[in-house]
Amino acid sequence: MAEPATTAPLTAVGHERDALLATKLHLPRPRPGLVARPRLLARLNEGVGQELVLVCTPAGFGKTTLLAEWVRAGQRPVAWLSLDEADNDPARFWRHVAAALEPVRPGVAERVTALLGSPPASFEGPVTALVNELAELSDDVVLVLDDYHLIQAPAVHVSVEFLLQHLPPSLRLVLASRADPPLSLAGLRGRGQLAELRQTDLRFTPQEAGELLGATVGAELPEVAVAALGNRTEGWAAGLQLAALSLQGRSDIGEFVEGFSGSHRYVLDYLTEEVLDRQPPQLRTFLLESSVLERLCSPLCEAVTGRNDSQQLLEQVERANLFLVPLDDVRGWWRYHHLFADLLRGRLQQQWPERVPELHRAAADWCERHGLVDDAIRHARAAGDLPWAARLVEQHFEAVLGRREDATLRRWLELLPAEVVRSRPRLCLLQAFWALIGSRVEAVERLLDDAERAFSYAGEEPYQPAVGRAASLVANIRAAIARLRAGAAHLRGDAEQTITLARRALAELDEGEWMLESVTRWQLVGAEWLRGRPAEAERGFLSALASLAAWRTTGQLTLVAWGYDHLGHAQRARGHLGAALATYQEALEAVAGDPGQPVMPAAVREAEQVPLSGAVVGLLNPSPAVRARLELANGQVKAAARWVQQRGFAVQDEPGYPRERDYLVLARVLLAQHAPERALELLEPWTALAASQGRTESTIELLALQALAHADRGDEPAALTTLAEALVLGAPEGYLRVFVDEGLPMAALFRRLLGGRHPEWQAAVDAVPRDYLARLAVAFEQAGAPVFPAAKRGAVLVPGLVEALSARELEVLALLATGKSNRAIAEDLVVTLDTVKRHVTNLFNKLGVANRVQAVARARELGLLS
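Number 672 in numbering that gives the first Met the number 0 belongs to position 673 of the sequence shown; there are no gaps in the numbering.
Relax, there's no trap hidden among the hints.
Distance ranges between label pairs, derived from CB positions:
{"no.": "1", "residue 1": "770", "residue 2": "647", "range": "38 to 48 Å"}
{"no.": "2", "residue 1": "736", "residue 2": "653", "range": "27 to 37 Å"}
{"no.": "3", "residue 1": "222", "residue 2": "40", "range": "19 to 29 Å"}
{"no.": "4", "residue 1": "463", "residue 2": "588", "range": "31 to 41 Å"}
Just so you know, the hints here were simulated from the structure itself, not pulled from any lab data.
From a predicted model like this one, the values you see are computed outputs, not experimental measurements.
Where a beta carbon is used, it is the ideal one built from N, C-alpha and C, also for glycine.
Could you put together the complete structure from these sequences and hints?
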């Protein structure tokens, strides 16, 4: 069996997520006095055949101990993850799950983590990647998520539900929780795919209670006492263990047993008093003072308590079985049982309330010095030192934001009163940066106003960000404010304001602030794209590609994706599909970190879940326009028209590239409403603008729509001439979807273009490569909008042919290749000689040849003959 890897004591580390992650992945070590429970192990072995095993009981019933015993006794590879409240961050949750699965599927952690580098609308992509990775395993794997009740974030529950719905055959999920998780338990139960162990199952039987009490007390107890304790604790493991500890060294067992009764809480309070009061004073003090810590190691305990014998005391507490849970095999890290920790903290607050802030302050200092940022912020806040907590958030905000742990950032900010946040300019800036990434334009502007007010009042303060000043986007407050305002203007599609503000930011920069400078310069180039100058934008982006590598090195994958996206947009605008495809492929490799692994594409449904501001220009937020276009494709013309009306778009509006995508929807609505004159009135100035700016992709699409409008108004020469013009532009890069996605009307127009010869448009058609026309015909066929009549739909069309060869024509061609005469072919096919002559004439026309020899040679060239 493959157990989770052990770890050495972690006392001097870089970052908190690395410092204690190993202990979260570690199988809990057996505690003294462990009682084997074969009946429950058998239940688990039977239940793991289902998709989900749920071990759900209140605190203190031994869920973790049971599962750890079961894992050690089994033969399956197991991935173990002990959850804590910080795992309510979905990005962090799945990063830790992937880390737990790394030993059984090497490389999975890196590949899944790469998908968490940009802000996902949902976590279906990373979970799907995880499922695909595990589907390739030949052995079954069990993933144990302990303390799942600590997860309260809906986003985590939704993503775990998604995992359950797509669970690969090689994976089984085990959850240990104090309450039923908000998952589809009823559905799993109904399908027989849920195994459950509840409170009644985990109660200690009289025999098990006797074994537990005897192992802890060190002597055999009278059956009547065992029965009484079992009854009064109702088989509750925590109560039995505390009772056993209280019985050590007692001679008045019967009197003790009679001394308590009632609820679990009463029993727990009573027995804890008994246990604590019987410990030596120094050990009791150590227990109370160290209870402020979520996890314990000897250097941390010494920093908090001021003692120099913490390691010995921790080992003494463990030997005494005082609810200390070891987190590794080398006695480096422990934690108190949650129930026991709560009681210790309550006693500490009652007995020495004045000591509590001091203890937290000492813990915060040690955690800060050792890179345990999350714990340092929590302890500083608990100590009442809000400026210290705020400074820690400021220092580490960018590093955590780079990992897209948004929930962690939100939790940190919620620890601070709103007035504290608004009084610190960098906290306002960091929130504005966060809002900009999420495209919440109004929030960006409001937070930047707060930052300016706070800066005018507080002025400059010493600042040493964890990412380093050179890599920080908020170290220089004045430059950061201008840059973020430029970013907001960019999202609104205001190119001129973007340029003005970006230049202001550059003027405020100090030497060495390369990250802020590189982002600002990229913003300047992006403004050229917004202005409809894609050639200038592409040149500027290409000259600044080195900055993308630097951003990736610092972990700013969101910026990397943003940069490649803008470059790809500029290349597409110029009509350079090949270059754009290469850019997007490079972007996927840069963000995923492994060119051999696929990255889940975004879907419209997921894109719409991103809470984008209404101020974001359509060019940068395509999902509303795409949704409206899908409605049109599905015949929902009224819904699309209503969307256009709500946006206030009008035919007479001044053309502007940032809004082009939205106005193309308006054009399609007008076409669907059979208003071709109004559609042409809209399309003609937009086409002129696109052509003048060298935006080939837009020009192709606008010409295609104009062709449909001309066709709808009955002007076939104008329709076919315009379509031919669009085809000439589309041929060099092989544009297909821009035509095919227009459906049956475009297929019919394309068929008329190929089917007739007319001086007005024939010259344009002749300029289009025949293999491109053939590929377009195939694409229409595959999209369910055939160019050829139904009788010819089963024919063969290959690149190089404008029209398909029918099955009969292929038969004639094969017989021609054998040298047979027309009469012999007629006899073989049992048709008239005139029919054969007609087929031969059609073959010559379609193949573009003049005689039999040329026909056979051309057919072999096209692969129609062997």
